[in-house]
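Undergrad: Below are the chains, spelled out letter by letter.
Number of protein chains: 2
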Amino acid sequence: MENDEQSETHAEIMEATYRALCEHGYASLTMQKISDEFEKSKGLLHYHFDSKEELLTAFIDYLLSEFEQDIASIEGPPDEKLDEFIKRFVVVSNTDDRKALHLALLELRAQSPFNDRFRDHLARSDTIVRDVVAEIIDDGITQGVFRADAEPEAVAQLVLASMDGARTRGLTIGDETYPDAVSDALYEYVIDDILVKTNE
Amino acid sequence: MENDEQSETHAEIMEATYRALCEHGYASLTMQKISDEFEKSKGLLHYHFDSKEELLTAFIDYLLSEFEQDIASIEGPPDEKLDEFIKRFVVVSNTDDRKALHLALLELRAQSPFNDRFRDHLARSDTIVRDVVAEIIDDGITQGVFRADAEPEAVAQLVLASMDGARTRGLTIGDETYPDAVSDALYEYVIDDILVKTNE
Numbered sequence: 001m002e003n004d005e006q007s008e009t010h011a012e013i014m015e016a017t018y019r020a021l022c023e024h025g026y027a028s029l030t031m032q033k034i035s036d037e038f039e040k041s042k043g044l045l046h047y048h049f050d051s052k053e054e055l056l057t058a059f060i061d062y063l064l065s066e067f068e069q070d071i072a073s074i075e076g077p078p079d080e081k082l083d084e085f086i087k088r089f090v091v092v093s094n095t096d097d098r099k100a101l102h103l104a105l106l107e108l109r110a111q112s113p114f115n116d117r118f119r120d121h122l123a124r125s126d127t128i129v130r131d132v133v134a135e136i137i138d139d140g141i142t143q144g145v146f147r148a149d150a151e152p153e154a155v156a157q158l159v160l161a162s163m164d165g166a167r168t169r170g171l172t173i174g175d176e177t178y179p180d181a182v183s184d185a186l187y188e189y190v191i192d193d194i195l196v197k198t199n200e
Numbered sequence: 001m002e003n004d005e006q007s008e009t010h011a012e013i014m015e016a017t018y019r020a021l022c023e024h025g026y027a028s029l030t031m032q033k034i035s036d037e038f039e040k041s042k043g044l045l046h047y048h049f050d051s052k053e054e055l056l057t058a059f060i061d062y063l064l065s066e067f068e069q070d071i072a073s074i075e076g077p078p079d080e081k082l083d084e085f086i087k088r089f090v091v092v093s094n095t096d097d098r099k100a101l102h103l104a105l106l107e108l109r110a111q112s113p114f115n116d117r118f119r120d121h122l123a124r125s126d127t128i129v130r131d132v133v134a135e136i137i138d139d140g141i142t143q144g145v146f147r148a149d150a151e152p153e154a155v156a157q158l159v160l161a162s163m164d165g166a167r168t169r170g171l172t173i174g175d176e177t178y179p180d181a182v183s184d185a186l187y188e189y190v191i192d193d194i195l196v197k198t199n200e
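Chains as they are written, first to last, in full-length UniProt numbering: chain S, 1 to 200; chain V, 1 to 200.
One chain only, chain S, in its complex shape (with noise of 0.2 Å):
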């Protein structure tokens, strides 16, 4: 009961976290700014995080295992499950609070070189989901879906670093259609490609 408690108020700060990085963005965000947005007292955002470092060091936790779940719950083919994975990249662009979200962790991933605890975590969560990737590569190859000479590690990597490098681009220079442009490209040049064509 204490512990079911505990984690409805955690989730709850990640939810303050993430209101407050979209309304702020990272640069100005500090604790008061997070209690503004969470229901509860001050008192109990302290009592679970020490300062803004930890509790954002935990918000990159949050968003990941958020992505993995979102993933994770898509039921079909390894193809469709690609092809949502792509999407979350480009739906960015297309809703404010999406973007807000992105320029504050872009931010925050800027100061990553400076703060061992946000690199450690933002490696952590860049090995995760290239693997969340290279097993629906794996599984597709597996299912008869992707060729068999497909690498799921370089296709992983290759998707994952060209739609943020999308992202960023779209976000920094204020392009929304940056990252549709790149995801037609990827169909193109490599997922078509290493799919297994069947007559219909």
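There could be a bad hint or two in this list.
Identical chains blur together in the list; that is why a pair holds if it fits in one copy or across any two.
[Stated by the list, open to error] Quick list of in silico lysine to aspartate or glutamate cross-link-like pairs, EDC-like style, CA-CA up to 20 Å: (1) K99 x D116; (2) K52 x E84; (3) K87 x D126; (4) K99 x D120; (5) K197 x D175.
Hints are computed from structural coordinates only; laboratory data are not their basis.
Given the coordinates of chain S, assemble chain V onto it according to the supplied hints.
TA: Leaving out everything else, chain V in the frame of chain S:
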């Protein structure tokens, strides 16, 4: 004569900005710190640039023109020019100065949604860099190096997004091998496929 002197001073200011950005990063950069790296007078710095923002906008253009000169100076067939373009992203991971510069630029890029001038100059830079790569592919098609059905704009977009994403991820998680791994995948899944195979 006066124009030569002015453009020499401009180049010296840009080099001072480069050094100051590498040493101090973006967030703590001041006109004073740039002036400290500039051998001539602080008055001359302020005569050329009213504000840090104006100076950094000129610096974005300076990096772009350096890049254009670099690529234009490569004597060789289009596929070698493309190799050289990709190598520029990989090399970033190998020298501390380039790493520091690109981290500073990442911070600056994260500010661009809130700064019209940064955004405009970054958008212009993005278009020009993509055009340079698309032109390399286009020339390669004309010269029979790349396949006639390769689409210059789509390939350019994919190359640029994936290498930019690889650089950002490598820098932020401290993995120097990232751009190399993504460039390997890019060759295997995209560039080798558009190369015209010749019987040697």
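Undergrad: Would you mind marking each hint as holding or not holding in the structure?
TA: Results of checking the hints against the structure:
1. In this assembly of identical chains, the alpha carbons of K99 and D116 lie at most 20 Å apart only when taken from different copies (17 Å versus 26 Å within one copy).
2. For a Cα distance limit of 20 Å, the shortest separation of K52 from E84 qualifies neither inside one copy, at 32 Å, nor across copies, at 42 Å.
3. In this homomeric assembly, K87 and D126 come within 20 Å of each other (Cα to Cα) only inside a single copy, at 18 Å, whereas the closest approach across copies is 23 Å.
4. For the identical chains of this complex, K99 and D120 are inter-copy neighbours only, at 18 Å across copies versus 24 Å inside a copy, given an alpha-carbon limit of 20 Å.
5. Taking the shortest alpha-carbon separations for K197 and D175, neither the intra-copy value of 34 Å nor the inter-copy value of 36 Å comes in at or below 20 Å.
Hint check: violations occur at hints 2, 5; the rest are consistent with the structure.
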